[in-house]
Amino acid sequence: MKGWDIGITLAPHFLVLLLALPFIGSLLSVLLLNTASTALPSRLASVVAFCCLFITVLAYPQVTDGNVLRYNLEWIPQLGLNFSLRLDGFAWMFCVLINGIGFLVTVYARYYMSEEDPVPRFFSFFLAFMGAMLGIVLSGNVILLSIFWELTSISSFLLISYWNNSAAARDGARMALTITGIGGFCLLIGLLLLGNIVGSYDLDKILASGDLIRSHALYVPALVFILLGALTKSAQFPFHFWLPNAMAAPTPVSAFLHSATMVKAGVFLLARFSPALSGTYEWFFILGAAGIFTLLLGAFFAIFQQDLKGLLAYSTISHLGLITTLLSLGSPLATVAAIFHMLNHATFKASLFMAAGIIDHETGTRDMRRLSGLFRYLPYTATLAMVASAAMAGVPLLNGFLSKEMFFAEAIETHADSVLDIILPYVATLAGAFSVAYSLRFIHTVFFGPSPTNLPKDTPHEPPRWMRFPIELLVVICLIVGIAPAFSVGPFLHTAVVSVLGTQTPEYSLSMWHGFNLPLIMSLIALAGGAALYFVLRHYLATCEDGPPLIRRLKGQRIFERILVEVSWRWARMAEQRIGTRNLQPQLRWVVVTGFLAGLLPLWHSGFEPRTFVFSGVDKVFAGIWLIGICLALGTAYLAKYHRLAALVMLGGIGLIVCITFVWLSAPDLAITQLLVEIVTTVLILLGLRWLPKRTEKMDESVTFRARFRRFRDLLIAIICGIGMTFIAYAVMTMPVPDAIATYFLENAYSEGGGRNVVNVILVDFRGFDTLGEITVLGIVALTVFALLRRFRPAPDTMVMPEQQRIQNRFDEERPERNAGDTVREYLLVPSVIMQWMFPVIITFAVYIFMRGHDLPGGGFSAGLTLSIAFLLQYLAGGTRWAEDRIRILPLWWMGLGLIIATLTGIGAWFLGYPFLTSHSQYLTLPLIGKVPAATALLFDLGVFLLVVGSTVLILVALAHQSIRITRLRTIEAEKAKES
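Note that my numbering has the sequence shown beginning at 1, numbered continuously upward.
Calculated from the structure, these hints are not laboratory results.
From a predicted model like this one, the values you see are computed outputs, not experimental measurements.
We put the beta carbon where it would ideally sit given N, CA and C, even for glycine.
A portion of the hints provided could be inaccurate.
[To be verified] What follows is a list of derived Cβ distance ranges for each label pair:
1. Phe-769 to Pro-12: 34 to 44 Å
2. Glu-116 to Val-833: 25 to 35 Å
3. Asn-72 to Ala-575: 15 to 25 Å
4. Phe-769 to Val-220: 29 to 39 Å
5. Arg-369 to Trp-569: 34 to 44 Å
6. Val-220 to Gly-724: 49 to 59 Å
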């Protein structure tokens with residue numbers, strides 16, 4: 001049962017290549033967005049899928065007999081967060097399904113997609129989804145698994161909404177993302193609980209700790225959250241309704257997502273974690289109830305669907321319910337049957353979806369009330385679809401019959417003292433009859449009967465040869481597995497089963513004939529009962545509305561939308577009315593109070609005792625500086641509403657006081673950063689002041705009791721928070737320095753980080769991951785500000801030209817030798833020339849600060865702010881148009897390049913066998929210079945430098961372009977005034 005040995009041993013690094021190829025292909029597809037042909041993107045996707053399949057096939061000898069191919073890359077080993085990949089027999093089977101069916105779907109989509117569609121975008125999303133699914137099945141760390149789990153939700157949302165001009169596609173995608181996204185969040189909680197129970201997030205350790213997990217007090221909460229993630233992803237009751245609405249996606253998406261990939265992710269997760277979680281009554285009851293309800297209701301609903309893809313969607317739900325029911329039983333043979341049916345269902349369901357796509361492609365409709373007699377026009381496609389439908393119904397000599405008979409055999413066994421176990425044989429037989437009924441309806445209604453009339457398209461005909469090829473191959477697999485299961489699929493099934501069950505793998509037989517027994521009788525009853533049921537209902541089904549009788553109006557989509565409206569609109573509106581405000585003051589009040597409590601409560605619980613104030617040794621100069629700062633703060637608060645410019649000047653003064661404080665307390669790095677931040681933010685805020693609404697000159701002098709109370713309350717909050725923070729700051733600065741992590745930083749900055757500037761070494765080495773997150777947030781904030789300012793429309797009163805500028809322009813216009821604006825330019829002539837001359841000087845200074853940052857005060861952040869000041873001065877000196885005509889800045893490129901360089905610096909450590917962002921330093925000998933220190937952290941700092949420059953300049957550009965927009969509007973209004 002070992003399969004074959006091809007004599008090739010793959011290195012573990014090939015797992016990384018297997019996972020990375022689809023994402024690389026997705027990025028390459030983006031480069032083809034301007035390509036009109038569908039051939040090139042399709043070929044690229046096919047090559048990527050085939051290469052992934054080829055690598056998977058080569059890895060087979062290394063996963064037989066329970067062996068596992070592993071690749072581990074340390075990321076944050078202290079937290080157990082590693083980039084860990086593992087390929088065992090079960091994951092190998094799913095990789096074959098994902099890559100194999102993915103390859104066939106890319107071939108099929110080449111002929112299905114229209115050249116009018118953005119085909120490169122489709123294949124980009126398709127390959128990204130394929131990579132996310134491979135990530136789920138290959139993950140050896142459960143946190144990594146949850147990341148790829150959410151990536152499947154996002155990429156499937158993009159695929160389902162591919163035809164975004166369709167309301168049905170948008171609604172279906174939103175529903176799928178909402179349900180599976182919430183399930184993914186629940187899954188993450190469950191996996192975190194599992195990691196807490198076991199003490200590790202490593203999948204192998206979790207699977208080996210089944211007894212510990214099942215006996216733990218957190219077992220039930222962890223189980224519930226994990227099952228919520230799995231049941232939502234696999235569309236199990238009561239979360240089943242999102243799947244039929246996802247049928248608005250293109251048929252290749254349905255064939256891939258809903259046969260071998262997305263909906264299989266849930267049952268894959270259940271089978272993967274069954275050794276650690278199964279065997280309890282909670283597992284049996286929750287999964288069994290969901291599976292039995294889904295199995296029966298999905299099959300019943302499928303009978304009454306009028307849309308071909310709707311019928312197949314509900315049949316998929318039912319078959320997933322069958323797999324879930326088998327996994328709930330907890331017996332080894334039930335697990336074998338579940339894994340076998342996962343494989344069988346993928347083959348016949350993918351072929352059926354592609355056949356439905358051909359029918360839709362050739363006729364222009366999927367409504368079975370308009371389809372009949374297509375066997376005359378599509379004989380080959382009809383034959384293939386009939387064989388696949390028979391496999392779905394469980395007809396002998398086909399693969400679906402084998403796994404369904406194994407299901408019947410397990411249904412009649414006793415697994416638990418529960419009503420679910422008692423009714424399971426009857427439910428299984430009834431659901432089998434329903435599956436025969438909807439399969440027979442698919443065959444009889446679509447392919448037999450009179451010729452169709454009034455079709456949206458002309459006479460149907462067979463599709464191109466290669467469009468039909470994927471269906472042919474899958475149908476041949478259904479036949480081969482059904483006729484010779486032990487020879488064809490037996491070794492691979494055994495490999496998958498052993499990797500899940502291990503030593504508990506039972507003896508089982510894969511053969512067409514097991515004798516005349518009860519499972520065979522149940523199969524015969526289902527076949528006969530399903531055929532009789534269809535012929536009883538066929539006239540009703542030919543004309544009825546879409547959906548089952550009696551409960552036709554009970555639609556999950558409608559319930560979901562009502563809940564969504566209730567939560568996201570009514571509850572949100574109610575919350576906004578109660579606690580929301582458009583005024584800044586209440587928001588600041590909440591921020592200040594929350595921040596104060598967040599600092600106070602930990603000190604309170606830790607038994608913090610306030611220290612006695614001792615005023616001896618107070619430096620009078622330092623105290624005088626802070627007295628000036630206090631006066632400036634009070635002045636800023638007093639003038640903020642009525643004198644914005646004066647308040648901004650005082651606010652800048654406060655920043656300088658803080659800067660002097662840092663110098664006084666021997667923190668030059670912080671002082672430099674504070675000074676540069678003050679310069680940049682003051683100029684940017686000054687540019688933004690121009691577009692704020694004018695202040696109100698006349699105010700109501702009467703003060704109500706409510707207003708007096710509000711002012712007194714805010715004053716009291718300010719005094720309490722201010723005095724409290726003063727006590728805390730004083731206590732922290734005067735208490736003995738504890739033996740904390742600062743000692744480690746001081747002792748190891750040079751030996752471990754290769755730098756004498758401890759602050760910079762902390763930022764780019766010891767806490768480099770924090771810095772990477774911070775610069776990412778900075779980039780997001782800059783993009784958000786830019787997007788908001790692009791849509792920003794100033795208040796009408798701010799569009800009027802300032803009075804001083806009007807006087808100066810009037811002076812220029814009264815003299816024929818002058819042009820409007822000459823006076824302003826003359827006022828700034830000397831300063832503008834000086835600012836232009838300073839541009840290369842500041843650039844040189846920025847490079848100097850950057851290069852010295854690892855040993856002396858400076859670094860990438862400070863250098864980035866310094867270079868940003870150089871660009872600010874050019875905009876101030878010559879104006880927006882003058883600066884952009886001479887300097888091509890491209891801030892988005894700076895931001896993207898900076899983030900890429902910083903990330904690649906961290907990834908580079910992986911290739912040398914070290915954790916993410918581990919730095920290396922040594923001395924380099926340069927000609928004429930000698931030995932100079934060098935560290936890889938310098939590259940990371942370069943990324944910080946580029947992103948800071950790009951983010952700051954992007955905000956500057958957004959503010960500067962407001963003036964251009966207003967000038968353009970004034971010109972248009974002036975022309976209209978002249979015309980009138």
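Taking the hints in turn, this is what the structure says about them:
In this structure the hint that Phe-769 and Pro-12 lie 34 to 44 Å apart at CB is violated, the actual value being about 25 Å. Checked against the hint of 25 to 35 Å, the pair Glu-116 and Val-833 fails, with Cβ atoms roughly 56 Å apart. A hinted range of 15 to 25 Å is violated for the C-beta pair Asn-72 and Ala-575, which are about 45 Å apart. For the hinted restraint 29 to 39 Å between Phe-769 and Val-220, the CB-CB distance of approximately 34 Å keeps it satisfied.
Between Arg-369 and Trp-569 the Cβ separation comes to about 36 Å, which falls inside the hinted range of 34 to 44 Å. In this structure the supplied range 49 to 59 Å is violated for Val-220 paired with Gly-724, their Cβ-Cβ distance being about 43 Å.
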